[in-house]
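Novice: Next come the chains, spelled out residue by residue.
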Amino acid sequence: MKALVAVKRVVDYNVKVRVKSDGTGVDIANVKMSMNPFDEIAVEEATRLKEKGVVSEIVAVSCGVAQCQETLRTAMAIGADRAILVETDAELQPLAVAKLLKAVVDKEQPQLIILGKQAIDDDCNQTGQMLAALLDRPQGTFASKVEVADGVAVVTREVDGGLETVKLQLPAIVTTDLRLNEPRYVTLPNIMKAKKKPLDVLKPADLGVDVAPRLKTLKVAEPPKRGAGVKVPDVATLVSKLKNEAKVI
Amino acid sequence: MSILVIAEHDHGSLKGATHHTVTAALACGGEVHVLVAGHNAGEAAKQAAQIPGVAKVLHADSAALAEQLAENVAAQVLAVAGSYSHILFPATAHGKNTAPRVAAKLDVAQISDITKVVSADTFERPIYAGNAIATVQSADKVKVITVRTTGFDAAATSGGSAAVESIAAVDDAGSSSFVGREVTKSDRPELTAAKIIVSGGRALGSSDKFNEVLTPLADKLGAALGASRAAVDAGYAPNDWQVGQTGKIVAPQLYIAAGISGAIQHLAGMKDSKVIVAINKDPEAPIFSVADYGLEADLFEAVPELVKSL
Chain A
3 MKALVAVKRV VDYNVKVRVK SDGTGVDIAN VKMSMNPFDE IAVEEATRLK
53 EKGVVSEIVA VSCGVAQCQE TLRTAMAIGA DRAILVETDA ELQPLAVAKL
103 LKAVVDKEQP QLIILGKQAI DDDCNQTGQM LAALLDRPQG TFASKVEVAD
153 GVAVVTREVD GGLETVKLQL PAIVTTDLRL NEPRYVTLPN IMKAKKKPLD
203 VLKPADLGVD VAPRLKTLKV AEPPKRGAGV KVPDVATLVS KLKNEAKVI
Chain B
-15 MSILVIAEHD HGSLKGATHH TVTAALACGG EVHVLVAGHN AGEAAKQAAQ
35 IPGVAKVLHA DSAALAEQLA ENVAAQVLAV AGSYSHILFP ATAHGKNTAP
85 RVAAKLDVAQ ISDITKVVSA DTFERPIYAG NAIATVQSAD KVKVITVRTT
135 GFDAAATSGG SAAVESIAAV DDAGSSSFVG REVTKSDRPE LTAAKIIVSG
185 GRALGSSDKF NEVLTPLADK LGAALGASRA AVDAGYAPND WQVGQTGKIV
235 APQLYIAAGI SGAIQHLAGM KDSKVIVAIN KDPEAPIFSV ADYGLEADLF
285 EAVPELVKSL
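Respectively, the protein sequence lines represent chains A and B.
Residue numbers for the first sequence, in the working numbering: 3 to 251.
Residue numbers for the second sequence, in the working numbering: -15 to 294.
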């Protein structure tokens, strides 16, 4: 069975981003970029399924600028067999990415498609669901456990009150939550091997997809700052402050 | 212009998130309808009809909707979507699961987690774990939106008298089925609706210590219990207690962070709390930069002392 994994290049999760002073966006020039953490979990899961003999080939896909090739090389160092970059300098919103991925899925015909549940830059949490809708296939979002056998994926999902398990007919779309697995560290030999794996580059036009953004960002601003707090010396002061000053207890 | 709110409910009653979403819908300025899609969810539909400002409740009843599978609920929403300019879901696990499916089928962008309605087509939403607020404008004919419930007050639960209209339910899509559910039992207030939250981090050291130290404080304050990702990953607390960018977003009156360092991802989930108290041994912990009251102390001594003095 073929698995397809979508990965996104984002600002590293440890970086505290700054809003540009002209309000046009977030300053990401010269900032460390990495693979979106949820996507690492997605690649890891596909790799584990391959190691179990469930999956035979893993294709990693990324959409965006030329530098996304680095992200794809990382995916191949974790375990993906080959990669596809849909290269464009245009701003890509989730609907456009979902359409690009649909076009790739139509070509590749994977049985299992794994994405992260959300990207930590736009915090949208949409692409997997949109792809499932465009393909008219079932979805297992926020997965914390995935079992694949006999044409069916059994997915345990993290929901608000606890956990929920659903059974999906393949092909299906799964989006990963944090606790699905712990991604492995990539080793130097695997990074070297990943350089030799095939990486195809396509353009949105090759796939016949219009990627024009639907939402216009009018401005990006700093969130309101919290007033400076105080340190209290002991518990008694804390209690009296909470009672008399903040009046919350 | 009419606006559809997709109700979140457990069939017998509406979830609080629905009321917050109705407030956001009213801010968009139009006639607000609520869709209750479920199985034997008549009670939830009645409750929706009592929310002031709601003009009509659409009630779809079918076994296919019993487990709220995204495939079927999205199809149900699409069956009525034609006449609405806005479709709003609460930004809960359920809303986030279903809304993008609806948007993609309508070929429109979805706007996630809005915290403010600027005008009928312009909204504010946080990005980069809440470190920036984007104002976005949609040119789509239908705006499909998820609403961050902590960004809007809850609508009143009584005073309205909307008509409940039964609508035809969709057939089961058949590509997915429900297997089971494991609900975390708790007699505490729901995390996202609690007025006070007591939250613990990795410093608690074990699941036993977590309960032993924090439960008495939560009991005393009538608070919900929360946790950082580190505490959840270490198995000290269940997954659905996690507060942060990838867990729950909360904004209580009082948030007490005990043994939580305050990583960006955790702050994203709680920095809109009215008053934040941090109890931490490490004077350099970033949590002190957002705390209104910081106590630099060993939580194993400070928390029991706090319980005693309350």
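Be a bit skeptical, because a hint or two may be false.
[Said to hold, decoys possible] Straight-line distance between alpha carbons at most 20 Å, and here's what the computed PhoX-like set of lysine-lysine pairs gives:
id : chain 1 : residue 1 : chain 2 : residue 2
1  : A       : K233      : B       : K258
2  : A       : K243      : B       : K204
3  : A       : K245      : B       : K89
4  : B       : K292      : A       : K245
5  : B       : K179      : A       : K243
6  : B       : K204      : A       : K245
7  : B       : K265      : A       : K218
8  : B       : K258      : A       : K245
9  : A       : K218      : B       : K125
10 : B       : K292      : A       : K243
11 : A       : K4        : A       : K109
12 : B       : K125      : A       : K243
13 : A       : K233      : B       : K204
14 : B       : K204      : A       : K221
15 : B       : K292      : A       : K249
16 : B       : K179      : B       : K265
17 : B       : K179      : A       : K249
18 : B       : K265      : A       : K227
19 : A       : K227      : B       : K125
20 : A       : K249      : B       : K204
21 : B       : K89       : A       : K104
22 : A       : K52       : A       : K4
23 : A       : K249      : B       : K258
Source of the hints: derived by calculation from the structure; they are not laboratory data.
Novice: Now tell me, hint by hint, if it's right for this structure.
Specialist: So, going through the hints one by one against the coordinates:
The straight-line distance between the Cα atoms of A:K233 and B:K258 is roughly 17 Å, inside the 20 Å bound, and the hint therefore holds. Between the alpha carbons of A:K243 and B:K204 the distance comes to roughly 17 Å, so the proposed pair stays at or under 20 Å and holds. This hinted pair does not check out: A:K245 and B:K89 have alpha carbons roughly 52 Å apart, beyond 20 Å. Taking the CA atoms of B:K292 and A:K245, the gap is near 15 Å; set against the 20 Å cutoff, the hint holds.
Restraint check for B:K179 and A:K243: satisfied, since their Cα atoms lie roughly 18 Å apart, inside the 20 Å limit. Restraint check for B:K204 and A:K245: satisfied, since their Cα atoms lie roughly 14 Å apart, inside the 20 Å limit. For the hint pairing B:K265 with A:K218, the CA-to-CA distance comes to about 45 Å; that exceeds 20 Å, so the pair is violated. About 14 Å separates the Cα atoms of B:K258 and A:K245, which keeps this hinted pair within 20 Å; it holds.
Pair hint A:K218 plus B:K125 holds up; C-alpha atoms about 14 Å apart against a cutoff of 20 Å. This hinted pair checks out: B:K292 and A:K243 have alpha carbons roughly 16 Å apart, not beyond 20 Å. For the given pair, A:K4 sits about 12 Å from A:K109 by alpha-carbon distance, which is consistent with the 20 Å threshold. Distance check on the hinted pair: B:K125 and A:K243 sit about 51 Å apart at the alpha-carbon level, beyond 20 Å; violated.
Taking the CA atoms of A:K233 and B:K204, the gap is about 23 Å. The hint is violated against a cut of 20 Å. Restraint check: the Cα-Cα separation between B:K204 and A:K221 comes to about 44 Å, which exceeds 20 Å; the hinted pair is violated. In summary, the hint linking B:K292 to A:K249 is supported, as the alpha carbons are separated by about 19 Å, within the 20 Å threshold. Of the pairs offered as hints, the one joining B:K179 and B:K265 is violated, with about 26 Å between alpha carbons and a cut-off of 20 Å exceeded.
Between B:K179 and A:K249, the direct Cα distance comes to roughly 13 Å. Compliance with the 20 Å bound is thereby established for this hinted pair. At roughly 25 Å between alpha-carbon atoms, B:K265 and A:K227 are farther apart than 20 Å, so this suggested pair is violated. For the hint linking A:K227 to B:K125, the alpha-carbon distance of about 35 Å lies beyond 20 Å, and the restraint is violated. Our distance criterion of 20 Å between C-alpha atoms is met by A:K249 and B:K204, whose separation comes to about 16 Å.
Restraint check for B:K89 and A:K104: satisfied, since their Cα atoms lie roughly 13 Å apart, inside the 20 Å limit. This hinted pair checks out: A:K52 and A:K4 have alpha carbons roughly 9 Å apart, not beyond 20 Å. Only pairs whose Cα atoms come within 20 Å are accepted, and A:K249 paired with B:K258 is accepted, the gap being roughly 11 Å.
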